[in-house]
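Undergrad: What follows is the residue order along each chain.
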Amino acid sequence: MAEEDDLILSELDDDELVQQMFDDLYDGLKPEIEEAVNILLERGWEPYDILTKALVGGMTIVGNDFRDGILFVPEVLLAANAMKGGMAILKPLLVETGAPKMGKMVIGTVKGDIHDIGKNLVSMMMEGAGFEVVDLGINNPVENYIDTAKAEEADIVGMSALLTTTMPYMKVVIDTMIEQGIRDDYIVLVGGAPLNEEFGKAIGADAYCRDAAVAVETAKLLVARKHNRMSAG
Amino acid sequence: MTTAIPDPDRADVVTPDADGVSPLEGGGRVLLVACGALAHEILHLKRINGWDHLDLACLPAILHNRPDRIPDAVHAVVTRNSSEYDRVCVVYADCGTGGALQRLCDRLGVEMIRAPHCYAFFEGVDSFIERDEMTAFYLTDFLVRQFDAFVWRPLGLDRHPELHDAYFGHYEALVYLAQSEDPALTQQAADHAQRLGLRFERRKTGYGELATTLEQWASQD
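Respectively, the protein sequence lines represent chains A and B.
According to full-length UniProt numbering, the first sequence holds residues 1 to 233 in order.
According to full-length UniProt numbering, the second sequence holds residues 1 to 221 in order.
Worth flagging that the hints you see were computed from the coordinates, not collected in a lab.
In this text, all values refer to a predicted model and were calculated from it rather than measured experimentally.
All C-beta atoms in this analysis are idealised placements derived from N, C-alpha and C, irrespective of residue type, glycine included.
Hints may contain errors.
Examples of chain B residues toward chain A, derived with CB under 10 Å [what the hints assert, rightly or not]:
#1 Gly99
#2 Ala120
#3 Gly124
#4 Ile129
#5 Ala166
All chains should be modelled from the sequences, with the hints used to inform the complete structure.
TA: Here's what the structure looks like:
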């Protein structure tokens, strides 16, 4: 998308710069994203605004084009890497400035599965949307999810799997939550290439999330509903 | 016999008509709808066993990089051709479709191979599952030959080697499940392992349960 070789980011006005950040994210240009984030900070932008309007906004375009088959995994990974560069600058500032807290998610790839590209994207986008994320990494047995969700007082448990052979383990986790009488304490989101909505329903998850953007929107919606129920109750 | 024989050494194994399926001119009684990555092995088995009553229609092997598209592609070929055959068999395993292909085959009343993927049926499903090798990255003869077209380039590693860890950071070994005895292919597989920074292991599987399944299908009336 970005073609200008000698574009000087600091000479762009705010709107142009944000637009340019969308392009640079799309092209996976990490140094340019880091530079642009620093420019916006110098101009007095709130870290939360940079995160949501520029970085998350740009990644949403990337996510949509991936969904529509315009972009492929390598491009998404490069874009995510660029976004991470920007987030690394913003994270400490977000803590200082007290950005809105949307909720807390414990997320991990299920037992027997080492694939984490999708899970990492969801983690990053959830953080970008203001969720606190506790990432359990790969190959997680049921106790990792449940113990951490309890210890962290999480709102959401997220599970990911890439393999048809490992996705049934999600049901083991949910069934254990039911046995322990804690299933309704958490919103359970599941995702991964071989999954679909039908599978999510069948195993008793609250939602199947097709991609990272859907995960964020679903999490926001279900957390809001949960809070409303708690207020009403 | 099918006259349009796909070249299994090509990434675009068979793409003569609009939906990427080889034309059927065989006049056999049984149609095999197969993944292009298995074309070489199936044709070999047909030849050595004299299974002239089996016709073969291959879908492009590259569908494996978008497994969500496999069921629709299989559906199209099966429904278009089933009236011309006594039976249709689908030479795919689940292949990352999350059970969708099995549900489709059940609905269409056709058989498919009961295995998670071709790695499992080449080695033998029980043995493969028993190994439980989470950190192994598998290649078959086809994938060794087509490594650049099916792995290296689609993952963008030719353009962005820095993505290596994102894909392979948790893998420990490249396991070559060999269908054939071919020292040159084994050397190629070892080279791929080195490129990926993975320990190399070769296991001779032959055609495994692909052969026994086809034999069963070929002998059914």
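Undergrad: Of all the hints given earlier, name the ones this structure violates by number, lowest first.
TA: Hint 3 is the one this structure does not satisfy, whereas the remaining hints hold.
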